[in-house]
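Chains A and B, in that order, give the protein sequences.
Taking my numbering, the leading residue of the first sequence gets 1, the next gets one more, and so forth.
Taking my numbering, the leading residue of the second sequence gets 1001, the next gets one more, and so forth.
What the hints contain is simulated information worked out from the structure, not anything from laboratory work.
Just to be clear, a hint being listed does not mean it is correct.
Straight-line alpha carbon distances no greater than 30 Å define the calculated DSS-like cross-link-like pairs of lysine-lysine that follow [unchecked claim]: (1) B:Lys1162 to A:Lys35; (2) B:Lys1082 to A:Lys35; (3) B:Lys1174 to B:Lys1162.
From the structure, some residues in chain A lie toward chain B, with a derived Cβ separation under 10 Å [what the hints assert, rightly or not]: (4) Ala8; (5) Leu9; (6) Glu10; (7) Asn11; (8) Phe13; (9) Thr15; (10) Ala16; (11) Lys18; (12) Leu20; (13) Thr26; (14) Val29; (15) Met30; (16) Asn34; (17) Leu36; (18) Met40.
Far from chain B, by Cβ distances over 12 Å, these chain A residues were calculated [to be verified]: (19) Leu12; (20) Phe25; (21) Ile45; (22) Gly60; (23) Pro61; (24) Leu77; (25) Gly97.
Glycine included, every Cβ here is placed at the ideal spot set by N, Cα and C.
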Amino acid sequence: MTFDRDPALENLFATAKKDLEDDAFTAEVMSRVNKLRRRMLVSWIVVGLVLAVGVGILSGPLLVAVNLATQFLPDSLIELDDRWLAQLLSPVNSVAGLLGLGFLALRLLYKKIFS
Amino acid sequence: MTPAQDYVSRTPEALVIGLARSGDRQAFAELVRRRQPWIRDLMRRCSGDVTLADDLAQQVFVQAWRTLPQLQQTSRFGAWLKRVAINVWLQHLRKSDPLKNADEYDDTRPAQQDAAGIAMDLDRALATLSEHVRLCIVLSYHEGMTHEQIANFTGLPLGTVKSHVRRGTQRLQKLLSAYIETPSTEESK
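Hey, can you work out the whole structure from these sequences and the hints?
In structure tokens form, the structure reads like this:
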């Protein structure tokens, strides 16, 4: 069912419409906008400083951890005597391959559950 | 007025919106200047309180400043700003006391002749409506939006919007009968 607007009420709303003077409205909005900009700038500076300090503190231990992790990545899961076969299967027959396959399986599972 | 402000005030709106979207504060101030009567008036009809309406209207523009880069088409700026305004009003409703709305309206008062008196009586009558009914009525009568548009903007089901508008109209017709039945309303326009 459609419901048309009451023309008398429409007239009343139109009469009550007011073309408001700006006064100090725009200036107040811009003052709020400037405050917001300053706050955002300060937030970005704080985040940047925290990140810089964090990287400075953790860069040494992080580098050691990454080095240790990368040492084990090419290690074979199953030792193969045939050199060519070992090279051919190295993308899957390694710790890195296992991690990669694990990641792909998890992603597939996530998509199946949540899409 | 500085020469830059003077230039922006004469610039077509699409260009001003484009400039404001890229972070030009002078252009944004010009947009506020151009759109503030509409947004403040809309907020006054929704809230019935001049001070609160101006505060909410300021929030609308601050929110608009933050999200303006997300606006894809400059031609849709008006509708987009209206959506921001409705969202600000709905957020305000969520935070405010739902039982606060218990104003009485004296429907035996004689009809006012001037626009300010009419606006005051209209706001008083609107204040007696529940918040969602009032919003639907304001969007329908003040903004001239269709039921479908109101449902789309407010997230309310279409059937609810229709019944809110119908119920609100009936209530306003009763409360503002002095205006509706008096031919002087037409004359005062």
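- Message: Take the shortest C-beta to C-beta distance between Thr26 (chain A) and chain B; is it under 10 Å?
- Response: This interface hint holds because 5 Å falls under the 10 Å limit.
- Task: Compare the distance between the alpha carbons of Lys1162 (chain B) and Lys35 (chain A) with 30 Å, and conclude whether the hinted pair is satisfied.
- Result: violated, 41 Å
- Does the claim that Gly60 (chain A) lies off the interface hold, with its Cβ farther than 12 Å from every Cβ of chain B? Consistent with the label, Gly60 (chain A) stays out of reach of chain B, its closest Cβ about 39 Å off (over 12 Å).
- Mind checking the alpha carbons of Lys1082 (chain B) and Lys35 (chain A) for me, to see if they're no more than 30 Å apart? Given that 30 Å is the threshold and the Cα spacing comes to 24 Å, the pair holds.
- Please verify that hint: Lys18 (chain A), Cβ, nearest Cβ of chain B, below 10 Å or not. Since chain B brings a Cβ to about 6 Å from Lys18 (chain A), closer than 10 Å, the hint holds.
- Have a go at the Val29 (chain A) hint: is there a Cβ in chain B nearer than 10 Å to its own Cβ? Holds: closest Cβ of chain B sits about 5 Å from Val29 (chain A), inside 10 Å.
- Query: Is the Cβ of Gly97 (chain A) more than 12 Å away from each Cβ in chain B?
  - Reply: holds, 42 Å
- For Phe25 (chain A), which was marked as not at the interface, is the minimum beta-carbon distance to chain B over 12 Å? violated, 5 Å
- 12 Å Cβ clearance of Ile45 (chain A) from chain B: The claim stands: Ile45 (chain A) keeps its Cβ more than 12 Å from every Cβ of chain B (closest is about 18 Å).
- Task: Mind verifying the non-interface call on Pro61 (chain A)? Its CB should be farther than 12 Å from each CB in chain B.
- Result: holds, 38 Å
- Message: Does the closest beta carbon of chain B sit nearer than 10 Å to the beta carbon of Phe13 (chain A)?
- Response: With a minimum Cβ separation of about 4 Å from chain B (threshold 10 Å), the hint on Phe13 (chain A) holds.
- Message: So, as I understand it, the hint says Ala16 (chain A) touches chain B; can you test that by seeing if any CB pair is closer than 10 Å?
- Response: With Cβ-Cβ at 4 Å, under 10 Å, it holds.
This entry does not satisfy hints 1, 19 and 20, going by the numbered hints stated previously.
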